[in-house]
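Q: Below, each chain spelled out in residue letters.
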Amino acid sequence: MSDDHKHNNINISIINNQILIFEVDMICKLRESYGIIGVLSGTLSLAPQQQSLLGVPLQLSIYELLYLVDLGVCYLNVDVDVDVQGEEEFVNDLINNVKLKRIQRLKKLKNHGILQKNEELEDKDWVCNLNEHELFIETKNSTKQTNTKLLSMNDDIIQQLLSIKGHDFTMIRFQIYKDLKKKSWFIQPGLRYGGDFICYPNDPLRYHSQLIIKCCTWDDDDDDVNLIDLINFGRLGTSVKKSFVYGYVKHDGIVNYHTVEWSGFG
Amino acid sequence: MEVDPELAITYGNDDEDVQDWSLLSKFTQGTKSNNVPKRGEKDFEPVLKDDLQITDYDLSNLNSSRQLMYDALRSQRGLVSSLKNLKSSTIYINSLMGTYYMKKPKGKFLESIGKIDKNGTCWFNFEEVMYLVERGSCIGKLHQEPEIDDSLKPPLSLEKVYSIVLKNPEDYNQFQVYSMLKRTGYIVMRSQPTDYMTVSTPTRKTGVFSFFKKVLRLLQRWLFTTRYSAIFEYLQSLIAKDIRIDTTTQESKYKITYDVWKPNTKFKKTQPPVPDYQIVIVDAHEPFPTVKEIKSLLAISNTKPVTIKQSKKGVNINRLKFGGNDESKSVVFAVVDSGLINFYNLTGCDFAAEGTSWQDSWMKPRTGVSKRGKSRPRQNRKTK
Chain Z
101 MSDDHKHNNI NISIINNQIL IFEVDMICKL RESYGIIGVL SGTLSLAPQQ QSLLGVPLQL
161 SIYELLYLVD LGVCYLNVDV DVDVQGEEEF VNDLINNVKL KRIQRLKKLK NHGILQKNEE
221 LEDKDWVCNL NEHELFIETK NSTKQTNTKL LSMNDDIIQQ LLSIKGHDFT MIRFQIYKDL
281 KKKSWFIQPG LRYGGDFICY PNDPLRYHSQ LIIKCCTWDD DDDDVNLIDL INFGRLGTSV
341 KKSFVYGYVK HDGIVNYHTV EWSGFG
Chain L
157 MEVDPELAIT YGNDDEDVQD WSLLSKFTQG TKSNNVPKRG EKDFEPVLKD DLQITDYDLS
217 NLNSSRQLMY DALRSQRGLV SSLKNLKSST IYINSLMGTY YMKKPKGKFL ESIGKIDKNG
277 TCWFNFEEVM YLVERGSCIG KLHQEPEIDD SLKPPLSLEK VYSIVLKNPE DYNQFQVYSM
337 LKRTGYIVMR SQPTDYMTVS TPTRKTGVFS FFKKVLRLLQ RWLFTTRYSA IFEYLQSLIA
397 KDIRIDTTTQ ESKYKITYDV WKPNTKFKKT QPPVPDYQIV IVDAHEPFPT VKEIKSLLAI
457 SNTKPVTIKQ SKKGVNINRL KFGGNDESKS VVFAVVDSGL INFYNLTGCD FAAEGTSWQD
517 SWMKPRTGVS KRGKSRPRQN RKTK
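Top line first, the protein sequences correspond to chains Z and L. Convert by adding 100 to the 1-based position in the first sequence; the result is the number in this note's numbering. Convert by adding 156 to the 1-based position in the second sequence; the result is the number in this note's numbering.
In isolation and in its complexed conformation, chain L is listed as follows (with noise of 0.2 Å):
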């Protein structure tokens, strides 16, 4: 990915981040930094004067932490590159067909961005075109018909590519669902699902085995009737078989708009494996979806199973939470409410899939008895 170390600011996961424009004041032109106070942190509130104005202290703090913001925002967007090269970082937009293309590509961004046909054009989508503007990595220009050598036409205003390239009125949320994942290092791609290589779910096993399985069952409830975890378990194989994620797959508003994978250097847009996420946009104002429609976007969701293993003994919570066999899926939700994103992420679990709960204390393996007294090391619990 196009992390550069010394520019990636991280944060911690506050609710409200502290916006420390400060930091970035290095980065910027014609400011001097030893100059510049280290202000970062919030007050409570203002303290006034008598005519409600607040305190010269207060003001020149404001001030100063304000002038860092204008500063970051003033600089400038753009790249360097001689005339002659500067096709292969120029994106064409032809608003008429809606389509955007770079004739000669060249960037480390095509690593997973864009798409490139037999001729060496690259295309891209709506959202991609906008990321590379405002980043700075690309500049936009209009197509024309026909071509002519137009390396002296200044670039369109980050302005200008927003209004010629946004069309429907989901594309905004969409762009900044987009953006935001790109920011923090995820790769991203629109979500096409008959595309991805579709790993082989291993079968369940049937057969001898199950039958042998089902013998050892009955077997086991004639002989220890009185163990209660034998019921338990009898039980439990009733009901397996039936809570299965509901297939059938009906018409829903809601989509999966794209699929998210973790940084990966051997990731390739061409043949992309199955994405850890895939992400659903929802508008905070609209009502969020039902169970119905919850359950269907989950049937047709394909996701890298997040594999935790069983634990010996219990349940393992996190496999519940995360999904731990094979077959459960997750969707992500981003719920975008002007300008701020939420993240939901809904898994189907299966609560029968994981066996029994219950334990009969009194038939507990006795383990590490010559260590008694001391409690034995919990399991890792990190899932991530």
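So here's chain Z without its partners, still in its complex pose (with noise of 0.2 Å):
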């Protein structure tokens, strides 16, 4: 493998069957080179008590996830619940912040003037005694993974997800899914505004959204599009100013959308 392949991959872990990312590169990449945002759904620890900014770990849409595995970039960590122990470079991170801390005050208490001139900033005989000190015991994201899988539509994990999500429906949603991402939308689960998703015309962190997506199947004989649903769905569309489409697949493989717009006569 090259190195801009692997350059260009992207490791998920799937946990519960929900599909996580717990790499924030990866969540920048993810965003800048595949226009994929997902869900941020963990407590950002900087600010644990609010909720519109949230963090680790990422969670994307089985949508999102096909669409990775379709464009073959899209590696599993595989041992995700295997303990690594990395003892020695957890106490080199902890001497080392000590230390740095130390230099940090040493050089402060210099330029104040305190410290006499001939003391030197790197004391050689200065032993680091973890025990004496307050230490940030940091919890990481991940754990570095060295296994990992590549990702093919017939792996039994991306079966067992689909059997779970229900395998028809999803796969004709996902085939309207990638057609909007070929269109470059930025694709957002819907049920903000009770579709199947939102577009946004980039990164959602700048712009507003205009698309409310349902999918629907195209020749079935249940009456999939319903009279009341669609004024229901004229009417949210205006009151959001947003665009409600209907997206369905037709049997030549094309995907057509229809906008319903509630006209306001009367």
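By construction, these hints were calculated from the structure, which means they are not laboratory data. Hints are not guaranteed to be accurate.
Said to hold, decoys possible - Once the Cα atoms are required to be at most 27 Å apart in a straight line, the calculated DSSO-like pairs of lysine-lysine come out as:
(1) 243/L - 244/Z
(2) 297/L - 240/Z
(3) 424/L - 411/L
(4) 240/Z - 425/L
(5) 297/L - 244/Z
(6) 425/L - 264/L
(7) 240/Z - 309/L
As the structure is a computational prediction, the values presented were derived from the model and not from experiment.
Mind assembling these two chains? They're in different frames, but the hints should get you there.
A: The following block contains the structure:
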């Protein structure tokens, strides 16, 4: 595998049937290279008592996963639950932190003129005894993964996820998702506005969403689109100033869209 | 509660929150807050150049917003402690037994989290472990037999904690609802319906008083047959008895998972009062519960009744909405869709108990005659 390829790989973990990403670098890469946003769902330790800005892990929807798998860049972390011992590294980090703090303190003292000039900043006799210090004990986001596996559509774990979500309808939605991605929309789950997806013209961080997408089937005996829903969605779309779009896949695999707009006569 | 006023950033309840990561930049290490532009407002769409790439102006705004977010995400999670005292913030995970414990528990979070046994060991549920580790209040380590000094062992990473602790398919949704409620400051515990001190619900007044009432009603009926309200009141008294929430509990796949209290300094986790809310967790892609299932949930729910005074004239809408009498019950449905949670409150409301809404306009007692022309102040409608 070339380095260029490796650079674009996305490593995911599947825990409890959820698709999660714990590495911040991966989250950045997804946003910038693939236009995939996901949903940040962890408590942000920086400001834990608020709800609107959340942190690691990033949760991906099944469609986002399928899209990455389809591109052939998605690697699964296999040994997520195996404990990797990195005692030496951990202790070294702690010692380095203490040393850094001490040097900073000594520098400060020197700047204030409290420290005698002949005392050196780096005291060679000084030995770091970890038991004497207050230490910052860090919980890292993830442990370095060595064992990864390229995911393909036929993989057991993908099939398992698909069967949980309902295989057929998920695949239809995925086709619509893929088509929207091709049209370079940024897509988020649609619960906020009662659709399947909501579409943004670019990163949701900076732009408002414009479309609410509802997926339906093309020729189904059940009446998939009922009139009451149609009226509801038309009104909903108007009141939140977004277009409500029905998407469906035709026999030839071409995805078609219809916008519902409340015409507001009378 | 563990609310740090400086860090608690509150926003409006807008559906689509404006994510202003710039507010966080002051807490992040390594960023110069002076150089950070105040970004947080959204635009309709980016301006595109001829080659369909977004313009430099948009790109630089986007990048600075992104950078703020990345900085916040990269900030370290952890706690400051000496190695000696580290045990009192270490949660041991026994993955075989599925138990999570802390040997010498210490910390403010213990006010509403965990259960301490006779030996002073604190036991946790899985969502409590995940919340505390993710928040940086505690670290997680694997349980070891026999016990050894592991103070120099690195704590488990967040990913490991997730993968070891999450076991059942519904666990992740439960954890998300739990941590969301905790983040917003509520006190949350797993629901154990039998443990609560039951509030003595005032029994319906019976006996002499009601007997007189009946006689009075009869008299009313005969004396004031011309009054419409008397007839309505009589009809209402007939149906009021029948409408009670169906108490026959049946097997239902929906369960009350969490009990929730509003922040309260007097809260004792060993003797919790009747919860303010009870939460049922539903996956957004599953069908919504049927009326029967909702009814049986309402029957087993046990929440603190909202006290809204019955208005003297007519029906108080808020009493119907939130349930004004002591017997009205409510459950909150948390609907989860890949990381987003919506809450719906369902209350069993008893129209009949509210009395008749009809009023004979000519029978109204005339009050405030001296201030005629001035409208009387409306009743205070705030209920929460």
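Q: All hints, please: hold or fail.
A: Okay, the hints, checked on the actual structure:
{"no.": "1", "hint": "243/L - 244/Z", "in the structure": "holds (25 Å)"}
{"no.": "2", "hint": "297/L - 240/Z", "in the structure": "holds (13 Å)"}
{"no.": "3", "hint": "424/L - 411/L", "in the structure": "holds (24 Å)"}
{"no.": "4", "hint": "240/Z - 425/L", "in the structure": "violated (31 Å)"}
{"no.": "5", "hint": "297/L - 244/Z", "in the structure": "holds (17 Å)"}
{"no.": "6", "hint": "425/L - 264/L", "in the structure": "holds (13 Å)"}
{"no.": "7", "hint": "240/Z - 309/L", "in the structure": "holds (13 Å)"}
Going through the hint list in order, the structure does not satisfy hint 4, though it satisfies all others.
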